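Number of protein chains: 2
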Amino acid sequence: MSFETFSKESKVKLDQALVKTIETLQNVESRHQEALKYSLSAGGKRIRPLLLLATFGLFEKELDKAMIPAIAMEMIHTYSLIHDDLPAMDNDDYRRGRLTSHKAFDEATAILAGDGLLTLAFQLLAEAPEIDDTTRIKLIQLYAQSAGPSGMISGQQADIEAEKTTVSLEALAEIHSQKTGALLTASVCSGAIIGKASSDEYRILEEYSKKIGIAFQIQDDILDVIGDSKKMGKNTGADQVLNKSTYTSLLTLEGAQKELANYTSEAYELLSQLHQDTTNLEALTALIAERDA
Amino acid sequence: MSFETFSKESKVKLDQALVKTIETLQNVESRHQEALKYSLSAGGKRIRPLLLLATFGLFEKELDKAMIPAIAMEMIHTYSLIHDDLPAMDNDDYRRGRLTSHKAFDEATAILAGDGLLTLAFQLLAEAPEIDDTTRIKLIQLYAQSAGPSGMISGQQADIEAEKTTVSLEALAEIHSQKTGALLTASVCSGAIIGKASSDEYRILEEYSKKIGIAFQIQDDILDVIGDSKKMGKNTGADQVLNKSTYTSLLTLEGAQKELANYTSEAYELLSQLHQDTTNLEALTALIAERDA
Numbered sequence: 001m002s003f004e005t006f007s008k009e010s011k012v013k014l015d016q017a018l019v020k021t022i023e024t025l026q027n028v029e030s031r032h033q034e035a036l037k038y039s040l041s042a043g044g045k046r047i048r049p050l051l052l053l054a055t056f057g058l059f060e061k062e063l064d065k066a067m068i069p070a071i072a073m074e075m076i077h078t079y080s081l082i083h084d085d086l087p088a089m090d091n092d093d094y095r096r097g098r099l100t101s102h103k104a105f106d107e108a109t110a111i112l113a114g115d116g117l118l119t120l121a122f123q124l125l126a127e128a129p130e131i132d133d134t135t136r137i138k139l140i141q142l143y144a145q146s147a148g149p150s151g152m153i154s155g156q157q158a159d160i161e162a163e164k165t166t167v168s169l170e171a172l173a174e175i176h177s178q179k180t181g182a183l184l185t186a187s188v189c190s191g192a193i194i195g196k197a198s199s200d201e202y203r204i205l206e207e208y209s210k211k212i213g214i215a216f217q218i219q220d221d222i223l224d225v226i227g228d229s230k231k232m233g234k235n236t237g238a239d240q241v242l243n244k245s246t247y248t249s250l251l252t253l254e255g256a257q258k259e260l261a262n263y264t265s266e267a268y269e270l271l272s273q274l275h276q277d278t279t280n281l282e283a284l285t286a287l288i289a290e291r292d293a
Numbered sequence: 001m002s003f004e005t006f007s008k009e010s011k012v013k014l015d016q017a018l019v020k021t022i023e024t025l026q027n028v029e030s031r032h033q034e035a036l037k038y039s040l041s042a043g044g045k046r047i048r049p050l051l052l053l054a055t056f057g058l059f060e061k062e063l064d065k066a067m068i069p070a071i072a073m074e075m076i077h078t079y080s081l082i083h084d085d086l087p088a089m090d091n092d093d094y095r096r097g098r099l100t101s102h103k104a105f106d107e108a109t110a111i112l113a114g115d116g117l118l119t120l121a122f123q124l125l126a127e128a129p130e131i132d133d134t135t136r137i138k139l140i141q142l143y144a145q146s147a148g149p150s151g152m153i154s155g156q157q158a159d160i161e162a163e164k165t166t167v168s169l170e171a172l173a174e175i176h177s178q179k180t181g182a183l184l185t186a187s188v189c190s191g192a193i194i195g196k197a198s199s200d201e202y203r204i205l206e207e208y209s210k211k212i213g214i215a216f217q218i219q220d221d222i223l224d225v226i227g228d229s230k231k232m233g234k235n236t237g238a239d240q241v242l243n244k245s246t247y248t249s250l251l252t253l254e255g256a257q258k259e260l261a262n263y264t265s266e267a268y269e270l271l272s273q274l275h276q277d278t279t280n281l282e283a284l285t286a287l288i289a290e291r292d293a
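Read top to bottom, the protein sequences are chains A and B.
All letters in the first sequence, in the order written, are residues 1 to 293 by our numbering.
All letters in the second sequence, in the order written, are residues 1 to 293 by our numbering.
Just chain A, with the same shape it has in the complex (with noise of 0.2 Å):
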């Protein structure tokens, strides 16, 4: 099967799966479920559960059981994305060239909408069919682990901090492995751990996934600096109004093209170790450093 095939096939999966755990909630407050479809339909490229069900594709042809991880881990992603979109953190109006949730509804629905996906991802994963109870536990405390203050949440906190003064390099690679880094790093690994890897495999799956975490945010900071707007939906030079750090100010455009070319190869050169065909996973990194948006 062709990356296209699989990215196609897998996002039409993912975007009925995630509509259809809205539509069939129980006992769920109207608004708070128009809330959360809004948001989990935004479309968006769908990079995390894409990389770990092609991390599971390593080792089953079958990519159904992974179905369900792969929805809660884009949940918990939704959510970060609603509450950094809010007056208080990013005060965005605008993502995927729509509304933001508290623009399109109100902030206290958006706060809750939050909320709301990040517990939901929890009993998803507690629920998943198919998967032992075993690999559930450590599904769910890889999850909590990247997502809470270990993880993504310290990293956010620290962004913000950041934006008060100059940062290093390293300490903007140390904040960025945790606000963006955490997640694709569970992405990877959880579809390692679902499909049962190796402990050698496991090592370099997350070697690999540390080194596009880093790709990841790079290219951010990039097409902060010479994106299209229009393209991506939002407004670019937020950084730079905000005198933030970032790879661009600090190592200069082209040093961060650089910079991203690096991290890049090292990437593939780690999937070259593996004995399987490690296609999709080599798109996906290519999607990850040639976006546009």
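These are calculated hints, taken from the structure and not from any lab test.
In this text the structure is predicted, and so the values were computed from the model without any measurement.
A few of these clues could be false.
Copies of one chain are not kept apart here, so a pair can be met inside one copy or by any two copies together.
As the list claims (entries may be wrong) - Below, computed lysine-lysine pairings styled on DSSO-like, alpha-carbon distance capped at 30 Å:
(1) Lys-37 / Lys-230
(2) Lys-231 / Lys-210
(3) Lys-37 / Lys-164
(4) Lys-244 / Lys-37
(5) Lys-196 / Lys-138
(6) Lys-138 / Lys-20
(7) Lys-138 / Lys-13
Got chain A; can you put chain B on it based on the hints?
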């Protein structure tokens, strides 16, 4: 062991465990860590973890096994308070006589503190020592269902929507069964799950938890009318100002007090059906119904 001893000793252990959990977190951003500790050490009655421990105590003498689920429950409760207090929600400056999180820190930090506590609760449950994987999964499912879109979150959203209109007594009970009741029920039920209650015992305890859930909310509404704002550490009369439908506005103060007495006696009656010594649960029931803050 008397209730006073149980309650006092358990609270000391809970407080210590909460603080220790935050202090031993790895890779946590310092301001985030401070905000987590601030809200968790605000004191409070610790009703939910005490209900969990008291229920577990019906089945086992040594309570330590249930301590992690108990503090995870308190973390979820605390997260819900932090987010409820936000300007976009109830906009409260004080809670338990101290500045609310967004006042003591700032809004972004408060939002992240809530997010962090919610996520951490699931991490703790996934890592709870001495509890087998299948029981952990049951607990995670129960906590997520009670706190998420099918539980507390929908209750919170429904409560906000209800402010715009007058609701019936039935609708009010439904809102509060989700908003406040769900976590109280989960507290009692998880004590029963960890204690391996029989299905009959579980059913009785679940019923009991629903009665005290409603009793809790009725007393909340009564305190908003006749409570001492100094003891409560927050302003009273807020419901009236907002023209909210409450048990007192729908039933009069006397009617609400009578309704409270009904639910409380039904709760005692259910406890009397159990063969175990239910002293601690009886005392907690009285505490809920007769509390002055």
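For each hint, the structure was consulted:
no., hint, verdict
1, Lys-37 / Lys-230, "within (24 Å within a copy, 42 Å between copies)"
2, Lys-231 / Lys-210, "within (27 Å within a copy, 51 Å between copies)"
3, Lys-37 / Lys-164, "between (35 Å within a copy, 23 Å between copies)"
4, Lys-244 / Lys-37, "between (33 Å within a copy, 29 Å between copies)"
5, Lys-196 / Lys-138, "both (12 Å within a copy, 23 Å between copies)"
6, Lys-138 / Lys-20, "both (25 Å within a copy, 23 Å between copies)"
7, Lys-138 / Lys-13, "both (24 Å within a copy, 27 Å between copies)"
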